[in-house]
Amino acid sequence: MISKRIYAAWVGIHFFLIIAVCFAGLFSLVAEGATILPIALDTYARKAELLAAWLLGKQAAVSSPVRRSIATYLHAAGIQSGYTFFAPNIPGSHKLTLELYYQNGRVEYEAPHVSGKAAALRLDSLLDRLADNRYEPLREVVLKMLALSVWRERPDVKKIRATFGSVNLPSVSDFEHGKGESFQPMFSYDFSLRDEEKR
Amino acid sequence: MTALQRWWQGLLEFLFPPETDTWLAVLRIGLGLQVAVYALFLRSDWHYLFSGTGEGLVSRELGEAIASFDSPLIPKLGWLVAFGQHVGLGEETVLSVAWACLLCMGCCLLLGVLCRPAAIIAWFLHLCAAESGGLLAYGADNFMTMALFYLMLSPLPDRYSLDRLLVETKLRDPRLLGFWRRVLQVHLCFVYFFGGMAKCLGSGWWNGSNLWRSLIRPPFNLISPDILVRFKYALPILGISICLIEVGYPVFIWMKKTRFLWLVCILAMHAAIGLTMGMYLFALVMIVLNLAAFGVGIRVPFVRHRGGGTRDSTEFFPKKQLSP
Chain A
18 MISKRIYAAW VGIHFFLIIA VCFAGLFSLV AEGATILPIA LDTYARKAEL LAAWLLGKQA
78 AVSSPVRRSI ATYLHAAGIQ SGYTFFAPNI PGSHKLTLEL YYQNGRVEYE APHVSGKAAA
138 LRLDSLLDRL ADNRYEPLRE VVLKMLALSV WRERPDVKKI RATFGSVNLP SVSDFEHGKG
198 ESFQPMFSYD FSLRDEEKR
Chain B
287 MTALQRWWQG LLEFLFPPET DTWLAVLRIG LGLQVAVYAL FLRSDWHYLF SGTGEGLVSR
347 ELGEAIASFD SPLIPKLGWL VAFGQHVGLG EETVLSVAWA CLLCMGCCLL LGVLCRPAAI
407 IAWFLHLCAA ESGGLLAYGA DNFMTMALFY LMLSPLPDRY SLDRLLVETK LRDPRLLGFW
467 RRVLQVHLCF VYFFGGMAKC LGSGWWNGSN LWRSLIRPPF NLISPDILVR FKYALPILGI
527 SICLIEVGYP VFIWMKKTRF LWLVCILAMH AAIGLTMGMY LFALVMIVLN LAAFGVGIRV
587 PFVRHRGGGT RDSTEFFPKK QLSP
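Chains as they are written, first to last, in my numbering: chain A, 18 to 216; chain B, 287 to 610.
No wet-lab data here; the hints were simulated from the structure.
None of these values were measured; they are calculated from a predicted model.
Each hint should be verified, as a subset may be incorrect.
Stated by the list, open to error - Below, simulated SDA-like cross-link-like pairs (lysine to any residue); rule was C-alpha separation at most 20 Å, straight line:
1) A/Lys-175 to A/Leu-165
2) A/Lys-134 to B/Ser-354
3) A/Lys-21 to B/Leu-290
4) A/Lys-161 to A/Asp-145
5) A/Lys-176 to A/Pro-187
6) A/Lys-112 to A/Tyr-152
7) A/Lys-112 to B/Pro-403
8) B/Lys-542 to B/Val-589
9) A/Lys-161 to A/Ser-188
10) A/Lys-112 to A/Pro-187
11) B/Lys-543 to B/Ile-584
12) A/Lys-112 to A/Asp-207
13) A/Lys-161 to B/Tyr-334
14) B/Lys-518 to B/Leu-553
15) A/Lys-196 to B/Ser-510
16) A/Lys-134 to B/Phe-506
17) A/Lys-21 to B/Pro-460
18) A/Lys-112 to A/Lys-75
19) A/Lys-196 to B/Arg-516
20) B/Lys-542 to B/Glu-299
21) B/Lys-542 to B/Leu-553
22) B/Lys-518 to B/Thr-562
23) A/Lys-21 to B/Phe-327
24) A/Lys-21 to B/Lys-542
25) A/Lys-134 to B/Leu-457
26) A/Lys-134 to B/Val-323
27) A/Lys-134 to B/Tyr-566
28) A/Lys-21 to B/Ile-584
29) A/Lys-75 to B/Ala-322
30) A/Lys-161 to B/Gly-338
31) A/Lys-112 to B/Met-563
32) A/Lys-134 to B/Gly-425
33) B/Lys-518 to A/Ser-188
Claimed, not checked - Derived, one-sided and incomplete: chain A residues facing chain B with beta-carbon distance under 10 Å:
34) Ala-78
35) Val-79
36) Ser-86
37) Ser-110
38) Gly-133
39) Val-184
Even glycine gets a Cβ: it sits at the ideal position worked out from N, Cα and C.
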């Protein structure tokens, strides 16, 4: 064996990074006020999250070799994100509805689609991401791409109105009283072939 | 010997326990199956998901730009497409070759042919796909990357591979085999501990509402709410059980008396996630990781065993240190 010390040193660094990533994720949830912990802890959690981010080199300049090296290693090892799946609570799902306006005045309703179930799961994962404030700068671009994917199949469509929103799920008692899920629009965009008009 | 030396010695003993390569065979075969299933599941959508601007669902370039913001050194499918263009291959051909290679590497891992190169290529191609389709990725991709990363670094080939049958190679150092299994075991403990902690911090896991929401939430709503509502009183119990199983994993999986029970509970949880929510890839990779890390050599209660298996925590720490 090369040297137990080298392996032990690698293990130390590897798990240090994993712990930093996990704590960053956990503190982020607390700082957002999404947990059952007292609100007074939010500011401390934000500071702790920044400390964890600093340990991961995220506070350094984008071109910093340290930041890039750590990020490359984290992605290569598949440890770039924490393990807070389905936590602390389950949000509602998100839906994108496309209103297709044809040149002859006809209107159709459609949603972006894929062939397989595995890809459908990924598409839903994308829609859930778009609702996150961190993805706000990308939202319009991604929705435009999703609209374009439907447009390619229907070249005679003149305009597409993309409405993105959340699907509110009923609680157990709501369901027992006959209440189903409801759609809450969040954003709406109009896309046409010549220009894009944001509403 | 000073206290520091004793501690260091104890740490090395913990990190380098002698192991057979059976766990590695389980990891290799399991990940081979996982990679093959991943490729087959995405077969019909592969080009649609990873094509460039104007042809796919969401431009591959967008996902790659996000990954490049973190670091331009993160592998991506764009590298392969650029290389393909250099040798006169179109994007569609390169994507098809990448998909075929991934499926082929999955089959190689499954059979144990060219184990190490297959593990490295599978890791690289899957990482490229996961990063290029970053916006479309989810938890299963991270676990696949992590598992393939450990597999390619582990001392392959194992004794059950065709490589070992075809080419005479010397047996690997049992302590090195033990080291990589230990890394996987400790990593899983962190996964469940932090996952469980985050769940414990949400009120919905204590009253069962999160379990209800996760099962009726599209696209995971495979079971009709009409059936689920009949079990509404079981939901809080199941929700709390999930929190306790995950948070307790780093403790009870190491104890001889509780290891089997904890492993069965965690495997049952992942099987249930796969069957009731349709997250087959996620369920499969987690089951493979758990079986490789703690399943191989486990002592089943009421069954007589020969030696082997993961040792009890008290074997690493002398009993007098544990007592108050």
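Okay, the hints, checked on the actual structure:
Taking the CA atoms of A/Lys-175 and A/Leu-165, the gap is near 12 Å; set against the 20 Å cutoff, the hint holds. Simply put, A/Lys-134 and B/Ser-354 have alpha-carbon atoms about 29 Å apart, too far for the 20 Å limit, and the pair is violated. Our distance criterion of 20 Å between C-alpha atoms is met by A/Lys-21 and B/Leu-290, whose separation comes to about 17 Å. A C-alpha spacing of about 16 Å is found between A/Lys-161 and A/Asp-145, which places the hinted pair at or below 20 Å, so the restraint holds.
Annotation: proposed proximity of A/Lys-176 to A/Pro-187 is violated, straight-line Cα distance about 34 Å (limit 20 Å). A hinted pair counts as satisfied when its Cα atoms are at most 20 Å apart, and A/Lys-112 with A/Tyr-152 qualifies at roughly 16 Å. Pair hint A/Lys-112 plus B/Pro-403 does not hold up; C-alpha atoms about 42 Å apart against a cutoff of 20 Å. Between the alpha carbons of B/Lys-542 and B/Val-589 the distance comes to roughly 14 Å, so the proposed pair stays at or under 20 Å and holds.
Of the supplied pair hints, the one linking A/Lys-161 and A/Ser-188 is violated, its CA atoms being roughly 33 Å apart against a limit of 20 Å. With a C-alpha separation of about 16 Å, the suggested pair A/Lys-112 and A/Pro-187 falls inside the 20 Å cut-off, and the hint holds. Distance check on the hinted pair: B/Lys-543 and B/Ile-584 sit about 11 Å apart at the alpha-carbon level, within 20 Å; holds. A threshold of 20 Å between alpha carbons decides the hint, and for A/Lys-112 with A/Asp-207 the separation of about 16 Å falls inside it, so the pair holds.
Under the criterion of a C-alpha separation no larger than 20 Å, the hint pairing A/Lys-161 with B/Tyr-334 is consistent with the structure, at around 16 Å. Proposed proximity of B/Lys-518 and B/Leu-553 is contradicted: the alpha carbons are some 23 Å apart, above 20 Å. The suggested pairing of A/Lys-196 with B/Ser-510 holds, with an alpha-carbon distance near 15 Å, which does not exceed 20 Å. Of the supplied pair hints, the one linking A/Lys-134 and B/Phe-506 holds, its CA atoms being roughly 11 Å apart against a limit of 20 Å.
Note on A/Lys-21 and B/Pro-460: the hinted pairing holds, with a Cα-Cα distance of about 13 Å set against a maximum of 20 Å. Taking the CA atoms of A/Lys-112 and A/Lys-75, the gap is about 32 Å. The hint is violated against a cut of 20 Å. Restraint check: the Cα-Cα separation between A/Lys-196 and B/Arg-516 comes to about 16 Å, which is no more than 20 Å; the hinted pair holds. A hinted pair counts as satisfied when its Cα atoms are at most 20 Å apart, and B/Lys-542 with B/Glu-299 qualifies at roughly 18 Å.
A hinted pair counts as satisfied when its Cα atoms are at most 20 Å apart, and B/Lys-542 with B/Leu-553 qualifies at roughly 17 Å. Between B/Lys-518 and B/Thr-562 the CA atoms are separated by roughly 16 Å; this keeps the pair inside 20 Å, and the hint holds. A distance of roughly 41 Å separates the Cα atoms of A/Lys-21 and B/Phe-327; the hinted pair therefore is violated under the 20 Å criterion. Only pairs whose Cα atoms come within 20 Å are accepted, and A/Lys-21 paired with B/Lys-542 is rejected, the gap being roughly 27 Å.
Proximity of A/Lys-134 to B/Leu-457 is assessed by CA-CA distance (about 43 Å); at most 20 Å being required, the pair is judged violated. Proposed proximity of A/Lys-134 and B/Val-323 is supported: the alpha carbons are some 13 Å apart, at most 20 Å. A distance of roughly 10 Å separates the Cα atoms of A/Lys-134 and B/Tyr-566; the hinted pair therefore holds under the 20 Å criterion. Proposed proximity of A/Lys-21 and B/Ile-584 is contradicted: the alpha carbons are some 26 Å apart, above 20 Å.
Restraint check for A/Lys-75 and B/Ala-322: the C-alpha separation of about 35 Å exceeds 20 Å, so the hint is violated. As the CA atoms of A/Lys-161 and B/Gly-338 are separated by approximately 15 Å, the hinted pair is consistent with the 20 Å bound. Using a Cα cut-off of 20 Å, the hinted pair A/Lys-112 and B/Met-563 holds, with the two alpha carbons roughly 18 Å apart. A hinted pair counts as satisfied when its Cα atoms are at most 20 Å apart, and A/Lys-134 with B/Gly-425 qualifies at roughly 16 Å.
Restraint check for B/Lys-518 and A/Ser-188: the C-alpha separation of about 11 Å stays at or below 20 Å, so the hint holds. Annotation: A/Ala-78 was flagged as interfacial toward chain B, and the flag is violated, the nearest CB pair being 12 Å apart, outside 10 Å. Taking 10 Å as the C-beta cut-off, the interface hint given for A/Val-79 holds, the closest approach to chain B being about 7 Å. Evaluation of the A/Ser-86 hint against chain B yields a held restraint, the C-beta minimum of about 8 Å falling below 10 Å.
Look at A/Ser-110: its Cβ gets to within about 5 Å of chain B, closer than 10 Å, so that hint holds up. Against a cut-off of 10 Å between C-beta atoms, the interface hint on A/Gly-133 holds, since the closest Cβ of chain B lies about 5 Å away. Annotation: interface hint on A/Val-184 holds; nearest CB of chain B at approximately 7 Å, less than 10 Å.
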